[in-house]
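Participant: Build the complex from these two chains, which are given one at a time in their own frames, with help from the hints.
Next come the chains, spelled out residue by residue.
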Amino acid sequence: MLPLKEKDKPVVQKLLAAGCCSRCVLRFCCTSVQAAFRQPEQETLKELQAFINNNEIVQDSPDSTEETKSHDASGSETRGDPPSKRAKLEHCASGDASKDGTVTVEMQEDEESHVCVACLGVLQEFCDVTRAIKIAAAVKAEQYEFDSLVLSVSLPPQLCVREHSCWLHVKKEVREKCMSLSEDDVIQVKEAFKWVMQGLIAKELGGVAVVTKSLFEVGVEFSHPETDSDCYFLASTCPNCFKPTKNKQSVFTRMAVVKALDKISDFAFLKHYPSPPARPSRHCVQQDVQCLHVSLFIAGRYNKFCRSLPQTPWVIDGQRRMESSVEELIAAPILVTFRADGFNFSSSGREDVDVRTLGNGRPFAMELLNPHRSRVSKVEMKQLQETINASSDKIRVRDLQIVTREATSRMKEGEEEKTKSYTALVWTHKAIQREDLSFMDDIKDLTLNQKTPLRVLHRRALAVRQRVIHSMSTRFVDAHHFYLGLKTQAGTYIKEFVHGDFGRTQPNMCELLKTDTDILELDVESVDVDWPPTVTD
Amino acid sequence: MDNEECKDTQDKAPSVVDRYYTRWYRADMKGKPCEDHCILQHSNRICVVTLAESHPILQNGRQIKSINYQISNGCSRLNNKVSGKSKRGGQFLTDFAPLCRITCTDENEYTIYSCIRGRLLEVNEAILETPSLLLQKPSTDGYIAVILPKFEESKSITENLLSREEFEKVLAKRAASSQLS
Ligand SMILES: [Zn+2]
Chain A
1 MLPLKEKDKP VVQKLLAAGC CSRCVLRFCC TSVQAAFRQP EQETLKELQA
51 FINNNEIVQD SPDSTEETKS HDASGSETRG DPPSKRAKLE HCASGDASKD
101 GTVTVEMQED EESHVCVACL GVLQEFCDVT RAIKIAAAVK AEQYEFDSLV
151 LSVSLPPQLC VREHSCWLHV KKEVREKCMS LSEDDVIQVK EAFKWVMQGL
201 IAKELGGVAV VTKSLFEVGV EFSHPETDSD CYFLASTCPN CFKPTKNKQS
251 VFTRMAVVKA LDKISDFAFL KHYPSPPARP SRHCVQQDVQ CLHVSLFIAG
301 RYNKFCRSLP QTPWVIDGQR RMESSVEELI AAPILVTFRA DGFNFSSSGR
351 EDVDVRTLGN GRPFAMELLN PHRSRVSKVE MKQLQETINA SSDKIRVRDL
401 QIVTREATSR MKEGEEEKTK SYTALVWTHK AIQREDLSFM DDIKDLTLNQ
451 KTPLRVLHRR ALAVRQRVIH SMSTRFVDAH HFYLGLKTQA GTYIKEFVHG
501 DFGRTQPNMC ELLKTDTDIL ELDVESVDVD WPPTVTD
Chain B
538 MDNEECKDTQ DKAPSVVDRY YTRWYRADMK GKPCEDHCIL QHSNRICVVT
588 LAESHPILQN GRQIKSINYQ ISNGCSRLNN KVSGKSKRGG QFLTDFAPLC
638 RITCTDENEY TIYSCIRGRL LEVNEAILET PSLLLQKPST DGYIAVILPK
688 FEESKSITEN LLSREEFEKV LAKRAASSQL S
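Residue numbers (this note's numbering), protein chains in the order written: chain A, 1 to 537; chain B, 538 to 718.
One chain only, chain B, in its complex shape (with noise of 0.2 Å):
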């Protein structure tokens, strides 16, 4: 009884993330399989990075070894401050820039990138702390980045990414051809 009133509310009530922002994915980012990342936009237009439920790092019980914001030699994402309403002084990125690498315990390393054009305000410092939040709960606190679209371009920079339903059928397509091999 308990049991069934706990589902009932679960799926009943919309989270957070559904309340307030549109899921947008990226599939097999840059050809890697399975690389997708999951942009949550809310509706003031501000843009969190975050790993698609599919991503491998999320697969097969892997553990994380090392999260490194330093994407070059010359270039670290935790070096990034804005200041002001305007959000001055934040690094600026394209669809294809790196925010960081994450390593698996099996030596796998994975590229995140930032999948839209803006404004980088912050990067996560927490899961540099405790990774397995990223494992745990990776479109909420286990967020990568948080960017922050050009006012007028924040309609257009969804328009490369896929929507829900068009990744569900992504995901489809993926489950059915690994059945098939």
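For reference, chain A alone in the conformation it holds in the complex (with noise of 0.2 Å):
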């Protein structure tokens, strides 16, 4: 039985009359009665047809069950939508009542197939078994690892302009019916298709929960080329909701379409849009089904031992510079363990293409792209890391883990308070002699006006930034060389500390030892963070 009050007639009459599908009618009687939406939309329709027309003048009919049986088989094939369709129905409202007192109505026989003017099909031809077993089967192909489920919906923007075309339609049959009932009470579309769906799809995919929030979505997303324009005349009446932004097709997004409908008057609605809308030809197309599982978060800390690799990728006008890169060596493995799409990497600072990182390492973050994969063990994730280690001698990670999304923004906490410690080899023009160097193992905490070197200039603001070197230790070479260790504030820049980069860094080594310096190598000895965790066996 539907959970229908005699007050929901005229709305039920009206809207089948305009051509909307029984579960559209049984939305704009705002009844929240999930078992109604669930079964089959064609005995729904026959319900609602008897429905009104149980206070008809009842005649038996020994013909009317024979009628309703043709009538079925012939459903499925015909999908046409003559002009005189609506006429017929609103004829066809008194109808035959059956012996056990049921009334069927007397419909052309292409009726029951005819596309709604409502959903355009949604609530009709992709709302049942069949359909949640094809999206099921598409979500059980892409072999994902997920508890539970969320199932978004997204449909064309035209559904808002020709839902709220129905409303205007049987507003006043609704008020009669209750006056506090607003378009709001209207069940969404979007609504009654999880409401039919979710449970279907859940038991397609053996039980899994299909919930509203989970880290595992499935959207299912339809278009309706043939109708879009409906649309259109929104843009005259309110031309501020739709401004043209950059990555969106097109300007009739839904959330444009529904504030224009927010702010028209019904009178204005009515003299641009019938009401209720007019009859599509065909019915929705349903995209293929999305499968999205929210970021999963690595951590780690990586090395690395080679001077010809830069930290990513190293791209000048197109082309590419270098083989390889930090972050694409460690990716690379990752991404295969979790099946993932892509990755974005992160790090407590960088080294430049040829500066070695040594000691314990820099601490990175990855956020791996729509991970098919989500649980891996502790063990697993030892493996992971042997397998990066045994791809390349170029570099070494260690406490490879899982952190949460809130955990990798420690890397970045007071990034600027860190320390950092450099051994550097200087370059010396004058001749030195180890005495020469002693001077600078008793300096301490000597505050740096650094300009924004001339190598970044192009991409950062130039701007004098003040960084302190906390200690320097020395290690003679030869006549022109020698090891410089430093302890840092995390943000200075070394190179420039030792060439003087123009006079641009002062104090500098130039300065320091009174004769031109420059620097051949340099290797990170720490990064001094405390993140990511140290992982233990």
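Possibly wrong hints are sitting among the right ones.
To be verified - Subject to a maximum C-alpha distance of 20 Å in a straight line, what follows is the list of computed SDA-like cross-link-like pairs (lysine to any residue):
1. 248/A with 238/A
2. 687/B with 209/A
3. 430/A with 675/B
4. 451/A with 692/B
5. 687/B with 611/B
6. 622/B with 456/A
7. 692/B with 316/A
8. 692/B with 459/A
9. 378/A with 393/A
10. 624/B with 465/A
11. 674/B with 507/A
12. 430/A with 551/B
13. 692/B with 456/A
14. 134/A with 209/A
15. 412/A with 367/A
16. 495/A with 554/B
17. 674/B with 663/B
Unchecked claim - Derived coverage of chain A by chain B (criterion: at least 3 residues anywhere in the stretch with Cβ under 8 Å from a Cβ of chain B; other residues may be distant):
18. 183-193
19. 444-457
Source of the hints: derived by calculation from the structure; they are not laboratory data. Every value quoted in this text rests on a predicted model; they were computed, and no experiment measured them. Yeah, the Cβ is synthetic: ideal placement off N, Cα and C, and Gly gets one too.
Facilitator: Written as structure tokens, this is what we have:
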């Protein structure tokens, strides 16, 4: 039994006549009895027809069941929309009653197959167990690991226009039924779709929970090119709502359409758009099912042992400069394990292509996009780390672990206050002796004024930044070379401190040693950030 | 032995300028004999305007009396300010925009020009305080100004300039003709 009352009758009658499907009729009756939506659409249609007719003059008609049968059989064959249909349907409001008291409405044979003016077929054609099986199959094919899923439905924006048009069509009748009902009380197409489909999809996927919030989203999208132009008149009534934006193909987004409909008066709407809406000739097109798992975050520390390896792919004028990069070497095995579509790499600072990172390494975090796997044990993570380390001798990874998105922000927290240790091989123009260097071992907390280095000035703002060198140590090599150990505030430009950057870093090594100096090699010895935590065996 | 080794490293090790910058020249700026400018273009397109070693200021033991970035009553390069990554507010210079005037103690005055189109990022204020930098380190600490060419012009701005080889030919010709006369 449909959860409808006598006062729903005029609404049902009007909407059926206008070409709404049975589920859309239920929606406009504002019933939230989900079971009513779940029963087959055609069955509901029959019940609705019976419902609107059971007050009419009822007469026994032995032919009526026969008629219903033939009607059923032919229903799926035809997809016509004769112009006479509406008149016919209205005329049919006085139908025949069958023996058991139910009433059928005399209709055209193709009446059942008509495309709903309100949902454009979404709640008819796309809302049954066959469709659920198809969606589930698409999900299964991608072999995701998930405990639950959220079903998201994307509908063509013109559905909002049609919805409003239908609402205006029955507004008076709905209000007569209950004064307090408004357009917001109409059950949304999306909602009704989910009521029907969620359970069916869950069943097909072996009982996985279909919930409102999940890490895994299954997206179903519909389009209906035939009626895209339904929205166009809104651009003239509310030009402000439809400003072109960069990434959107069309200005008629759902959001913009909703906004414009919110502003337009009923009078203006009805001047531009028919109520009820015109009948479409075909139903929506369903796009491919889109599966998306939320990002997973991996963290660790890396060493870089190679002086010709950039941290990220190095591209100049569209040309790749080095064959590999730290992030690619690390990412490749991780992407395979998690079957992710892509990644975003970030780290606590970065070293130049010709700089090595030794010691405990540099903290890094990686966002894995759309990972198909998400449950990976500690043992497997350890194996993954070994795979990365076996894949190249240019880099090495430790403390590889899964972390939360929130935790990754700890890597960047207080980055400025953190210290970093370096070793630089320095060349001097003038010949030096061991004793010439010893004074530097005593320098503590030397404050530098560094203008933005010329080498990065094209992409960073020009500024003078104060940075502190906490301590220095020297190791004599020969008359023109020595190793310089530095413990500095993060963000200090070491190369510029050594060669002076045209005197733009003050003081610099040239001034300290009163001769031209240059930096030949640089190693990062430690990045003193206590994240991510050490992974013990 | 030590000396030899010194020479050795000096010759072998490319300097910071050698490693990261391309040298471009303009000879006889505005038709004034030997007033050669050298532009150091970084691989990131940033340009540093310097005096070429052959510039008269660096000859005959000249000393500097004053350096003036005030190039007209209304315009001082010292007032140049840029802000943000996009370097908003910087003065836009054309090839022949004067950057500063340098007066030597022999009262000769020389104007230094930008030589390239681009946005002025900074002028070297250190040479105002220590003019000797200009004489001792003309191609590094004694630079005149830093200019950022437009991205789309970063290749074309050097088309009117001489490469290192071309400039050396000019110098050789100049030396030959001065010997002739
Ligand atoms: Zn419908």
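Participant: So, for every hint listed, does it hold in this structure?
Facilitator: Structure-based check of each hint:
1. 248/A with 238/A: 18 Å, holds
2. 687/B with 209/A: 57 Å, violated
3. 430/A with 675/B: This hinted pair holds, its Cα atoms lying about 19 Å apart.
4. 451/A with 692/B: 26 Å, violated
5. 687/B with 611/B: Since the Cα atoms of residue 687/B and residue 611/B sit roughly 25 Å apart, the hinted pair is violated (cutoff 20 Å).
6. 622/B with 456/A: 10 Å, holds
7. 692/B with 316/A: Since the Cα atoms of residue 692/B and residue 316/A sit roughly 13 Å apart, the hinted pair holds (cutoff 20 Å).
8. 692/B with 459/A: Measuring from Cα to Cα gives roughly 18 Å; hence the hint holds.
9. 378/A with 393/A: The hint is violated at about 24 Å.
10. 624/B with 465/A: With Cα atoms ~17 Å apart, residue 624/B and residue 465/A stay inside 20 Å; holds.
11. 674/B with 507/A: Within the cut-off at roughly 16 Å; holds.
12. 430/A with 551/B: Holds, at about 15 Å.
13. 692/B with 456/A: Distance ~18 Å between residue 692/B and residue 456/A Cα, so the pair holds.
14. 134/A with 209/A: Roughly 18 Å separates the two Cα atoms, so the pair holds.
15. 412/A with 367/A: Status holds; Cα separation ~15 Å.
16. 495/A with 554/B: It holds: about 13 Å lies between the C-alpha atoms, which stays within 20 Å.
17. 674/B with 663/B: Status holds; Cα separation ~12 Å.
18. 183-193: The restraint on the region 183-193 of chain A is violated, since only 0 of its residues have a Cβ under 8 Å from chain B and three are required.
19. 444-457: holds (count 5)
Figure legend: structure checked against the earlier numbered hints; hints not met, in rising order: 2, 4, 5, 9 and 18.
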